[in-house]
Amino acid sequence: VQGDAANDAVLATAQARPTRSGESTVYGWDANFNGELFTFNDLPAYASFGVEARREELTDIPSLDSQARPENGYLVDVFGFGSSLSAADRTQYAAFAEISVSLTDQVELQAAGRYDHYDDFGGTFNPKIGLSYRPTDSLVLRGSWSTSFRAPSLTQAGVKLRTTQSTFDCGANQAVSDLYCMGQGTEVNVNSLELGNKNLKAEESEAISVGFAWSPSADTNLTLDYWQFDHEEVIDTNMTAVLDRAITDASLRHCGIVPEGEQGISYDNELCDVSDNSGLSIEQDGANLNEILDNYITEFDPRDDELFLPLFRDHIIPLENTGTQTLAGIDIKFDHRFRLSGGDLTFAFDGTHYLEFERNKPGSDAIEKLVGTYRYPENIGRMSIDWEAQSYYLNLGANYTSSYEDDIEGLRGREIAELESLGKLDSQSKHQVDDWLVWDLSAGYYVNKALTLRARIDNIFDKEPPQLYGSSRGFDSINHNAYGARYTFSVSYRF
1 VQGDAANDAV LATAQARPTR SGESTVYGWD ANFNGELFTF NDLPAYASFG
51 VEARREELTD IPSLDSQARP ENGYLVDVFG FGSSLSAADR TQYAAFAEIS
101 VSLTDQVELQ AAGRYDHYDD FGGTFNPKIG LSYRPTDSLV LRGSWSTSFR
151 APSLTQAGVK LRTTQSTFDC GANQAVSDLY CMGQGTEVNV NSLELGNKNL
201 KAEESEAISV GFAWSPSADT NLTLDYWQFD HEEVIDTNMT AVLDRAITDA
251 SLRHCGIVPE GEQGISYDNE LCDVSDNSGL SIEQDGANLN EILDNYITEF
301 DPRDDELFLP LFRDHIIPLE NTGTQTLAGI DIKFDHRFRL SGGDLTFAFD
351 GTHYLEFERN KPGSDAIEKL VGTYRYPENI GRMSIDWEAQ SYYLNLGANY
401 TSSYEDDIEG LRGREIAELE SLGKLDSQSK HQVDDWLVWD LSAGYYVNKA
451 LTLRARIDNI FDKEPPQLYG SSRGFDSINH NAYGARYTFS VSYRF
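If you read the sequence shown in full-length UniProt numbering, its first letter stands for residue 1, the second for the next number, and so on.
No lab work stands behind these hints: they were computed from the structure. Predicted model, so just to flag it, every value in this text is computed and none were measured. Careful, some of the hints might be misleading.
Stated by the list, open to error - In silico EDC-like pairs for lysine to aspartate or glutamate, Cα to Cα no more than 20 Å straight-line: (1) Lys333 - Asp225; (2) Lys128 - Glu203; (3) Lys361 - Glu203; (4) Lys198 - Asp119; (5) Lys430 - Glu378; (6) Lys201 - Glu57; (7) Lys361 - Glu405; (8) Lys463 - Asp434; (9) Lys361 - Asp230; (10) Lys198 - Glu57; (11) Lys333 - Asp386; (12) Lys201 - Asp236; (13) Lys424 - Glu409; (14) Lys361 - Glu232; (15) Lys201 - Asp230; (16) Lys361 - Glu187.
To be verified - Beta-carbon label-pair distances, calculated as ranges: (17) Glu358 - Asp434: 17 to 27 Å; (18) Glu358 - Ile478: 18 to 28 Å; (19) Asp434 - Ser24: 37 to 47 Å; (20) Val51 - Lys128: 15 to 25 Å; (21) Ala95 - Asp462: 51 to 61 Å; (22) Leu441 - Glu358: 31 to 41 Å; (23) Gly381 - Gly423: 28 to 38 Å; (24) Tyr226 - Thr324: 16 to 26 Å; (25) Ile208 - Glu98: 15 to 25 Å; (26) Glu418 - Asp350: 34 to 44 Å; (27) Tyr226 - Ala450: 40 to 50 Å; (28) Gly423 - Lys128: 50 to 60 Å; (29) Asn448 - Lys160: 51 to 61 Å.
Backbone N, C-alpha and C fix where the C-beta goes; we use that ideal spot for every residue, glycine too.
Hey, can you work out the whole structure from these sequences and the hints?
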């Protein structure tokens, strides 16, 4: 009720205005030199050299009512507004060199190298070799090999606690499975707090690519490339490994919430009333967790589907260099332009087919294959038709994402049974997410050299995203969206 003092007082009491004060500062200096270096076989060789210096500073300080803190039991006061406290800084120096040499009229060699040094994790050198061969004016064959790295971000190195979810995989560790999954190989999602780690190493990558580019005419272009990336020291949380270490490390076992300044697993307080056969509780050194589980089942008689060590919430899990992954795929691009009397009509296609995406399961050396599984479609692509005239343009496009398997392993038995009764599961009790095809339309009108009018419709037919049951949102926000049809209009003026 507007203008009601009592109503305003109640609203003021219930209302929160969380704030967030952040500052990111970057200082950078660089010097570059490039030009013709020498001649080889009467052909010029070009080179580029450079040095860089960079200083980064980051602070991100949310108000206390939006921080997960021990004082409030790691429960953020403002629902849905959890923010992370971060503070970090870094200094980086780099030097690089690149040279391009035409070995013959048809063969070109590129070689490059870059050295980076960071004050928080050291230095790394990364080379690149590329070779191209042009047997005809319209065809280029090409290939390259390189290494690269990705430094831990300042937030990964300096975040205090970030509210998130972690997954532990009982299929990757039998000891963890026996204690927390009743011996089954399921994956379990739990609420957790991600802890930054100043000792993180850089993620490293080795890449190869081979392919060709063919332009049989000035209006037709086709490129096809195979690529592969091998990543090492991938940064992520590894709750499976923390649960495994907690079997023998009592410092990682806590009754109730994890105390300030510590990390590890939070257990239900009921479990703290149970001891092993030697009288040791779960927080004590030398405690036998298997005996504690047996005694917990005897004393509390949990349901048949809950015969495991009960966890509480907000486990504090540090970021680690967890393992390796390999990605491989094929990119294809094609476009052809028809030159007509009133303008140009262009057809274009751009697609990616994933051949391989494998990574080790956190906490083990077991390899999981991800192509075609939750959030990893095998094929994605875009097709478009464009009409370009002197004073206007029209573009019709379609974006495609292929089907993949839903992640329903974390659902309870009764939820799986309900999906089966609704006919949502296949013969293997799995749910396949439908493929998704959405269309967009855009147009522009050039009023004059300075003024342009543009309009766009995304998702013309207002198509809903495919239904998911493994996500609390009910859809995959990475590969799909729930915006429906969207209309935008813009005016640009160039002075």
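Consistency of the hints with the structure:
1. Lys333 - Asp225: holds (9 Å)
2. Lys128 - Glu203: This hinted pair holds, its Cα atoms lying about 17 Å apart.
3. Lys361 - Glu203: holds (17 Å)
4. Lys198 - Asp119: holds (11 Å)
5. Lys430 - Glu378: holds (17 Å)
6. Lys201 - Glu57: Satisfied, since the Cα-Cα distance of roughly 19 Å is no more than 20 Å.
7. Lys361 - Glu405: Given pair Lys361, Glu405 holds - Cα atoms ~18 Å apart, limit 20 Å.
8. Lys463 - Asp434: holds (12 Å)
9. Lys361 - Asp230: Holds, because 15 Å separates the two Cα atoms, which is no more than 20 Å.
10. Lys198 - Glu57: holds (14 Å)
11. Lys333 - Asp386: Roughly 16 Å between the alpha carbons, so the hint for Lys333 and Asp386 holds.
12. Lys201 - Asp236: Cα-Cα ~12 Å, so holds.
13. Lys424 - Glu409: Given that 20 Å is the threshold and the Cα spacing comes to 14 Å, the pair holds.
14. Lys361 - Glu232: holds (13 Å)
15. Lys201 - Asp230: holds (16 Å)
16. Lys361 - Glu187: Holds, at roughly 11 Å.
17. Glu358 - Asp434: 17 to 27 Å: Given a distance of about 25 Å, which is inside 17 to 27 Å, the answer is holds.
18. Glu358 - Ile478: 18 to 28 Å: holds (19 Å)
19. Asp434 - Ser24: 37 to 47 Å: 41 Å Cβ-Cβ, so the 37 to 47 Å window holds.
20. Val51 - Lys128: 15 to 25 Å: holds (18 Å)
21. Ala95 - Asp462: 51 to 61 Å: This hint holds: roughly 53 Å between Cβ atoms.
22. Leu441 - Glu358: 31 to 41 Å: holds (39 Å)
23. Gly381 - Gly423: 28 to 38 Å: holds (30 Å)
24. Tyr226 - Thr324: 16 to 26 Å: holds (20 Å)
25. Ile208 - Glu98: 15 to 25 Å: holds (19 Å)
26. Glu418 - Asp350: 34 to 44 Å: For Glu418 and Asp350 the Cβ distance comes to about 40 Å; the hint holds.
27. Tyr226 - Ala450: 40 to 50 Å: Hint holds: Cβ distance 45 Å, inside 40 to 50 Å.
28. Gly423 - Lys128: 50 to 60 Å: 53 Å Cβ-Cβ, so the 50 to 60 Å window holds.
29. Asn448 - Lys160: 51 to 61 Å: holds (55 Å)
Of the hints listed earlier, there is not a single one the structure fails to meet.
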